[in-house]
Every structure is written in structure tokens, then in C-alpha cells.
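Student: Residues per chain are reported as follows:
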Amino acid sequence: DQQVKQNSPSLSVQEGRISILNCDYTNSMFDYFLWYKKYPAEGPTFLISISSIKDKNEDGRFTVFLNKSAKHLSLHIVPSQPGDSAVYFCAATPGGSQGNLIFGKGTKLSVKP
Amino acid sequence: ETGVTQTPRHLVMGMTNKKSLKCEQHLGHNAMYWYKQSAKKPLELMFVYSLEERVENNSVPSRFSPECPNSSHLFLHLHTLQPEDSALYLCASSHPGIGSYGYTFGSGTRLTVV
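Sequence lines, in order, name chains P and X.
Each residue of the first sequence is one higher than the one before, starting from 1 at the first, in the numbering used here.
Each residue of the second sequence is one higher than the one before, starting from 114 at the first, in the numbering used here.
No lab work stands behind these hints, which were simulated from the structure alone.
Think of the CB as a built atom: it goes at the ideal place given N, C-alpha and C, for glycine as much as any other residue.
There's no promise every hint is true.
[What the hints assert, rightly or not] Calculated cross-link-like contacts (lysine-lysine; reagent style DSSO-like; alpha-carbon spacing at most 30 Å):
hint: 1; chain 1: X; residue 1: K154; chain 2: P; residue 2: K71
hint: 2; chain 1: X; residue 1: K154; chain 2: X; residue 2: K131
hint: 3; chain 1: X; residue 1: K131; chain 2: P; residue 2: K112
hint: 4; chain 1: X; residue 1: K154; chain 2: P; residue 2: K108
hint: 5; chain 1: P; residue 1: K5; chain 2: X; residue 2: K131
hint: 6; chain 1: X; residue 1: K131; chain 2: P; residue 2: K108
[As the list claims (entries may be wrong)] Covered, in the sense of this in silico footprint (three residues per stretch, anywhere, with C-beta under 8 Å from a C-beta of chain P), are these stretches of chain X:
hint: 7; stretch: 149 to 155
hint: 8; stretch: 158 to 171
hint: 9; stretch: 217 to 227
Construct all of the structure, not just a fragment, from the sequences and the given hints.
Tutor: Here is the structure:
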């Protein structure tokens, strides 16, 4: 049973607009969440993270929102750029910042010029 | 270049072959991981090594055999694989636990079993 779910396999957005990628989780023990970005022929690279003691974390164009009661997090990219086109993986872990990462299936984002 | 190097980048092997995947990191990390990425599936954790000791084996078939001779190197030995084992195999490293930046991944080995 999947503990981290990314229900949208793909998303297409116009350049300059907002991209919103969603992630749901089922394990209430998860308390640290990360987003990774993956280009073809490369490994995933860390993008942004959030601890369960926060509900928002911002880094430049990227903001992650966490709704613990809904067990839902989202990644907002604004403004979207063509270079943001990649697969985005949501990951979670229990036990603070310790423990192994559990990943979702990923969402492929395409940003069109 | 992320600091985690995987070789080879691509590998085609027959079901009766024996091959090994190699992973190397010089980031000072002392935890290393093997993940499998199949099409339309989440990244699946296969093995975890912490301080050169295997601390997790996620019900992986014995045809996959990991080896961690030191904290900088990790191998995945493959023998008598099946076509369904074709996937991208990713190595990652971290400090114990994941810290604020999670894992550092290599670029992966694209394995095709014929």
C-alpha cells in the first residue's frame, strides 16, 4: 500500500504561471517532507523540505505548504519557467529528520514557453 | 556532478549473466542506499548501509546482493536476473539520518535484462 501518493502523473503549465504539485500521505508518523526534482538521465536532486512543525516553507520561486490534518502537501512554483520541466517526487520520513525516505511515483511537469 | 558517481550508466545483460553496479561518494557521508525506479512506480528502497553495516533489506530477492566495503563505496551484484528487473537503479548517500537536505543521489544505472 502506497504511503506517499502523487495522484497526478503529469501537469502542463504555461510559462510565467503558477505550477501546483500535490502529494498526499497516509502514515501519521511522517513528520518531515521533501521534494526532489529529476531531469532525464540524472538522479533526483533535493529541492525543498518542510518539517511538520511548520505549515509553509519558501525558497525563492518554490514554496511548500503542509496541511497535517488533511495529510496533504503541495509544491508551488511561481513563476514557472521552461527549465522547471522535470519529474517532481514527493518524499516523507518518520522520526524527525532521521529515517529512510519513502517516495511517491512522481509528477511530470511540462512548462510551455 | 552531485558527488555520487554510479557506473556503468547503462547496462544490458542476459538472464544468465553476472554483473555488478558500482557507486562511489566522497562527500564524507557514511550512509548509503540502493533504490530501484521502475516505470510508473515510486522509488523503491532496496538496501541501506550505515557505517558499512547493512541496516535494512526491503524484501529484495537474493539475486540482488549488495556489498559495502567502506563508507565511500557501494556495490550491487546481480545474477540470474529476470526481465522485470529492468529499471533505473539509483544510489544515494547521506549523513546518518537524512538531515535537512535528504539524500544525494547519483545519476543511476539504466539496467535492461534481456
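Student: Now tell me if each hint is right for this structure.
Tutor: Each hint tested on the structure:
Between K154 (chain X) and K71 (chain P), the direct Cα distance comes to roughly 21 Å. Compliance with the 30 Å bound is thereby established for this hinted pair. The straight-line distance between the Cα atoms of K154 (chain X) and K131 (chain X) is roughly 26 Å, inside the 30 Å bound, and the hint therefore holds. For the given pair, K131 (chain X) sits about 44 Å from K112 (chain P) by alpha-carbon distance, which is inconsistent with the 30 Å threshold. Straight-line distance between C-alpha atoms of K154 (chain X) and K108 (chain P) comes to about 13 Å, which keeps the hinted pair within the 30 Å bound.
Distance check on the hinted pair: K5 (chain P) and K131 (chain X) sit about 35 Å apart at the alpha-carbon level, beyond 30 Å; violated. Note on K131 (chain X) and K108 (chain P): the hinted pairing is violated, with a Cα-Cα distance of about 34 Å set against a maximum of 30 Å. Evaluation of the coverage hint for the stretch 149 to 155 of chain X: fulfilled, as 3 residues show C-beta separations to chain P shorter than 8 Å, against a requirement of three. With 3 residues having a beta carbon nearer than 8 Å to a beta carbon of chain P, the stretch 158 to 171 of chain X meets the requirement of three or more and the stated coverage holds.
Counting residues of the stretch 217 to 227 of chain X whose CB lies closer than 8 Å to any CB of chain P gives 5, so the stated coverage by that chain holds, three being the minimum.
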